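> Sequence:
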Amino acid sequence: MDIIVRNLSKKYGEKKVFHNFSAIIKEGGVTSIMAPSGAGKTTFLRILAGLEKADEGSIEGMEGKNIGMVFQEDRLCENLNSVSNISFVCSNAITRQQILEELHKVGLAGSELQPVRELSGGMRRRTALVRALLSVYDILILDEPFKGLDESNKIEIMNYTLKKSMGKTVILVTHDENEVKFMGGEIIYMYPHIIK
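Every letter in the sequence shown is one number past the one before it in my numbering, and letter 129, counting from 1, is 129.
Hints are computed from structural coordinates only; laboratory data are not their basis.
Note that this is a predicted model, so its numbers are computed, not measured.
Worth double-checking, as some hints may not be accurate.
Think about it this way: if two alpha-carbon atoms lie no more than 20 Å apart in a straight line, the pair counts; the simulated EDC-like pairs of lysine to aspartate or glutamate are [to be verified]:
{"id": "1", "residue 1": "LYS26", "residue 2": "ASP138"}
{"id": "2", "residue 1": "LYS164", "residue 2": "GLU186"}
{"id": "3", "residue 1": "LYS105", "residue 2": "GLU151"}
{"id": "4", "residue 1": "LYS154", "residue 2": "ASP138"}
{"id": "5", "residue 1": "LYS16", "residue 2": "ASP55"}
{"id": "6", "residue 1": "LYS163", "residue 2": "GLU101"}
{"id": "7", "residue 1": "LYS11", "residue 2": "GLU56"}
{"id": "8", "residue 1": "LYS147", "residue 2": "GLU118"}
{"id": "9", "residue 1": "LYS16", "residue 2": "ASP74"}
{"id": "10", "residue 1": "LYS163", "residue 2": "GLU179"}
{"id": "11", "residue 1": "LYS163", "residue 2": "GLU27"}
{"id": "12", "residue 1": "LYS105", "residue 2": "ASP74"}
{"id": "13", "residue 1": "LYS163", "residue 2": "GLU144"}
{"id": "14", "residue 1": "LYS26", "residue 2": "ASP2"}
{"id": "15", "residue 1": "LYS168", "residue 2": "GLU27"}
{"id": "16", "residue 1": "LYS163", "residue 2": "ASP138"}
{"id": "17", "residue 1": "LYS26", "residue 2": "ASP55"}
Could you build all of it, start to finish, from the sequences and the hints given here?
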């Protein structure tokens, strides 16, 4: 089922974040959301995920869905290693060996057992991505998931993300048009008061 957003509005105090935002997010594909800074992209994702409530409007198609999410911040447990951070969100069907294999695929072989506080920003980002991709989800929400990755790694990680999320509904927020082109799918331009 597609996700149908109707006339969604959100404000904090007197500040309108967005007003009467409507969109259709197609099931089983990638939808990229682009907008200037401050247009409410992250707030919209948080509302989709049930972490915040809209002031007005409605969302259909999220009922009963499992959500995987990569936030702008990595949100990892600093004292635990990458394997432990990921195992928290996995079903029992995912083994430690499978987690190690996935970490190797994203270039973390040899550092997967270090506390994540010792990892570089790009390594932490890859851990956060693998964690979301190995979780049980129907809808994957990605808030600038590839930031902090050097260009040499970015294509490889985007390709990995596409393969692992194939057939699932993916909602991507990014400022990078090259990421949008690579990930494919639909594009929604989100502005505080205007939808194009």
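> Look at each hint and say if it fits the structure.
For each hint, the structure was consulted:
| no. | hint | in the structure |
| --- | --- | --- |
| 1 | LYS26 / ASP138 | holds (13 Å) |
| 2 | LYS164 / GLU186 | holds (19 Å) |
| 3 | LYS105 / GLU151 | holds (17 Å) |
| 4 | LYS154 / ASP138 | violated (24 Å) |
| 5 | LYS16 / ASP55 | holds (10 Å) |
| 6 | LYS163 / GLU101 | holds (15 Å) |
| 7 | LYS11 / GLU56 | holds (10 Å) |
| 8 | LYS147 / GLU118 | holds (19 Å) |
| 9 | LYS16 / ASP74 | violated (27 Å) |
| 10 | LYS163 / GLU179 | holds (15 Å) |
| 11 | LYS163 / GLU27 | holds (16 Å) |
| 12 | LYS105 / ASP74 | holds (19 Å) |
| 13 | LYS163 / GLU144 | holds (18 Å) |
| 14 | LYS26 / ASP2 | holds (5 Å) |
| 15 | LYS168 / GLU27 | holds (7 Å) |
| 16 | LYS163 / ASP138 | holds (15 Å) |
| 17 | LYS26 / ASP55 | violated (24 Å) |
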